[in-house]
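Enquirer: Next come the chains, spelled out residue by residue.
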Amino acid sequence: MKGRLACAVLMAPFFVLLVTVFLVPTGTAVWLSFFAADQPGLGFGPESTVFVGLRSYLAVLSDPTFLNGLLTVVLYCLLYIPLMVVGALTLALLLDSGVAKLRSWAQMSLYLPHAVPGIIAALIWLYLYTPGLSPIVDLFARADIQINFLGIDTVLPSIVNIALWSNLGYNMVIFYAALQAVPREVLEASVVDGAGPVKQAVRIKAPLVRGAIVTVGIFTLIWALQLFTEPVLLSQSTPMISARFSPSMYIYDAAFTRNNYGLAAAASVVLLAFTIALSYGVTRWTNRKAI
Amino acid sequence: MRLSRRTLLAAGLTAPLAACSTPQRRGAGGPVEITFWSALRGSQQVVDAFNSSQNRIRVVFQQIPSGGQGGYAKLSNAARAGNAPDVATIEYPQVPGYAIDGVARDITDLVTDRVKQKILPQALKLTTFDNRVFSVPLDVEPMVLHYRADLFQANGYEIPATWDEFASLARTVRDRFPEQRLAIFPTDGAMQFACYAWQAGAQWFDTSGGKWRVSLADAPTRKVADYWQGLIDEDLVFRNAADSKQHDAQLGQDRVITRLSGAWDAGAQMRARPAQKGKWRIAPMPIWDEQVVGTHGGSTFAVTKDSRQPEAAMEFIEWQCTHPDALTARLKSGTSSQYPVAPGLVEAGAKAFPGEYYGGQDIYRLFQQEADKIRDGWVWGPRMTATQKVMQDGFARAGAGVGTVIDALREAQSGTMPDLKALGLSTEEGAR
Chain A
1 MKGRLACAVL MAPFFVLLVT VFLVPTGTAV WLSFFAADQP GLGFGPESTV FVGLRSYLAV
61 LSDPTFLNGL LTVVLYCLLY IPLMVVGALT LALLLDSGVA KLRSWAQMSL YLPHAVPGII
121 AALIWLYLYT PGLSPIVDLF ARADIQINFL GIDTVLPSIV NIALWSNLGY NMVIFYAALQ
181 AVPREVLEAS VVDGAGPVKQ AVRIKAPLVR GAIVTVGIFT LIWALQLFTE PVLLSQSTPM
241 ISARFSPSMY IYDAAFTRNN YGLAAAASVV LLAFTIALSY GVTRWTNRKA I
Chain B
1001 MRLSRRTLLA AGLTAPLAAC STPQRRGAGG PVEITFWSAL RGSQQVVDAF NSSQNRIRVV
1061 FQQIPSGGQG GYAKLSNAAR AGNAPDVATI EYPQVPGYAI DGVARDITDL VTDRVKQKIL
1121 PQALKLTTFD NRVFSVPLDV EPMVLHYRAD LFQANGYEIP ATWDEFASLA RTVRDRFPEQ
1181 RLAIFPTDGA MQFACYAWQA GAQWFDTSGG KWRVSLADAP TRKVADYWQG LIDEDLVFRN
1241 AADSKQHDAQ LGQDRVITRL SGAWDAGAQM RARPAQKGKW RIAPMPIWDE QVVGTHGGST
1301 FAVTKDSRQP EAAMEFIEWQ CTHPDALTAR LKSGTSSQYP VAPGLVEAGA KAFPGEYYGG
1361 QDIYRLFQQE ADKIRDGWVW GPRMTATQKV MQDGFARAGA GVGTVIDALR EAQSGTMPDL
1421 KALGLSTEEG AR
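From first to last, the protein sequence lines stand for chains A and B. Just so you know, we're using this note's numbering here: the first sequence kicks off at 1 and counts up by one. Just so you know, we're using this note's numbering here: the second sequence kicks off at 1001 and counts up by one.
Bound conformation, chain A alone (with noise of 0.2 Å):
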């Protein structure tokens, strides 16, 4: 009896939390997007809370906009995730082979960044990034290169080395961990069996090292379908990102912008189905290679 006590009491600000964080503003939303404020004919008339089904889910589907961002962030996973998988590894091994020197030094400084607020990191980068003020566009400039950061064609990557310089610390440390955690008789044997540092790596630690690469994989995933806060400030030095440049700045812009909370409820809905079937998907397709 008392035990169970201690257990609610322990589960409480867990499950309070997925109540007020999670449960009812997901339920809010989906409540959201079936109803809206309606005035028939020009709308100037009276409004009326009614019931309208699937409207704003149709409206949100056939909005180009939005079918463009959903596109973008695809473009900005594909681009970003394997970047980040394989960069994070190969820093990993590198630091767990034992090639790299003053591997605590070295841990230290790729880990800093994530401890920069995601905010901050896209005002430092914005900087960066801005001709007229950015050292670097300046240093370029002089050295007769013109380059431009925030062009059509170079912003999406710009935001992926935002994230990339973020994040790569962070999942770094994830890998590293993991591969603490091979055996080492394992690595020993294929020491025995001729494999070099190289092939050792890639043959024996990569693949023990599976289930934190798919775990590193759907984290990213999921975080990088939100994209949010770098374009935002992003937008601010460059007309090549708009206001509906990602679902969730779509889903911002309808909120707040254009007062249109069904419209944003229904999109909101629409990335957090699209995110479960990608991360489902994912899993679906790793396990399936597992056996």
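Check each hint, because a few of them may be wrong.
[Claimed, not checked] Computed from the model, here is a short list of chain B residues facing chain A with C-beta under 10 Å:
id, residue
1, Asp1101
2, Gly1156
3, Ile1159
4, Ala1161
5, Trp1212
6, Pro1382
7, Lys1389
8, Met1417
9, Pro1418
10, Leu1420
11, Gly1424
If you're looking for bench data, these hints aren't it; they were derived computationally from the structure. Note that beta-carbon positions come from the ideal geometry of N, C-alpha and C, so glycine has one too.
We have chain A; now place chain B onto it with these hints.
Expert: Then chain B, alone, in the frame of chain A:
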């Protein structure tokens, strides 16, 4: 969340009605107090003049950022929280949106015939929907051609009266001075472009059929889009934002020698570039074939749903829009050149406007002549800020050489329709 907002709204609508039936509240025997938000320059001076002209109503003024800089978000949020000011400043394009959202109150019964007789009917039409008035216009701003008289004279340029002449002058300027252009294609200029389309006879929004008929790429608009695309392709105009450091530099360094904008911009120019005093003059906007123009800018005053003193609010609005002292106070601040919506005020405006910047040109007479040429029948859309943003995203790409001007208009249309549908409005798409 929605429910509570509804309830709030209902409470907001009934409370003032109750207030109307009882004598107006007075704060401890003092005057009635109303709040007023505006981003318009010179508003403080106008409020001061009003407060000292009588002692029944006291206006508390708050300067807020301009709409695009957060002013509209502030107003929407305040209305959502149930504490919008009594009087809010809303530009023409945003009036239908605020009317649909219920932020701007239906003031049909508060706008007396006396007010109606004093202001231009075509301006009042822009704030009237479904035969209901939602705000009172302050100024009406025909687009005019601001030009550098000194450079025109030095090079023997003629003032372009038509768009053909404008294009050929643009060619002359570019050929003679490769670093110089006649004008820019503003990539943040959906409102300028709307004015060009308005002049050419476009009808982006039409409510005559009881539905919102949206045709952002109708035939007149396509003509205008082709024209500017031609100027862009021939490199006859710079392609950048008008509201930017870059454009400031272009004007300051004599690299752009005309500006197409509303009459109000004469005052903004004086404030922004005092060093160019005496160098600018103003001419009519170039035309196609008919003697018509569109407007660019202009503001209106709405009484919000949250106002507990709608009569006092209306009295203040009427004074601001139709009393000569209001205009004089605004113009004396030296930062405004608004063209009043009340023709009776033009005299006062001409007298109060400090004319030296324009070399003594009687710009108010010109504005008056242009205001009479405003094409009738234009209607703004229900989500103009969003429509404008999508259009400008397209303009920015077109300016960078990806896509065209007409693409931007079509994108704006397809980015607007889902919005209107999700709002539950009856809609229809026109030719595109």
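Enquirer: Each of the hints needs a verdict: does it hold here or not?
Expert: We went through each hint and held it up to the structure:
no.: 1; hint: Asp1101; in the structure: holds, 6 Å
no.: 2; hint: Gly1156; in the structure: violated, 36 Å
no.: 3; hint: Ile1159; in the structure: violated, 32 Å
no.: 4; hint: Ala1161; in the structure: violated, 33 Å
no.: 5; hint: Trp1212; in the structure: holds, 6 Å
no.: 6; hint: Pro1382; in the structure: holds, 6 Å
no.: 7; hint: Lys1389; in the structure: holds, 5 Å
no.: 8; hint: Met1417; in the structure: holds, 8 Å
no.: 9; hint: Pro1418; in the structure: holds, 4 Å
no.: 10; hint: Leu1420; in the structure: holds, 9 Å
no.: 11; hint: Gly1424; in the structure: holds, 4 Å
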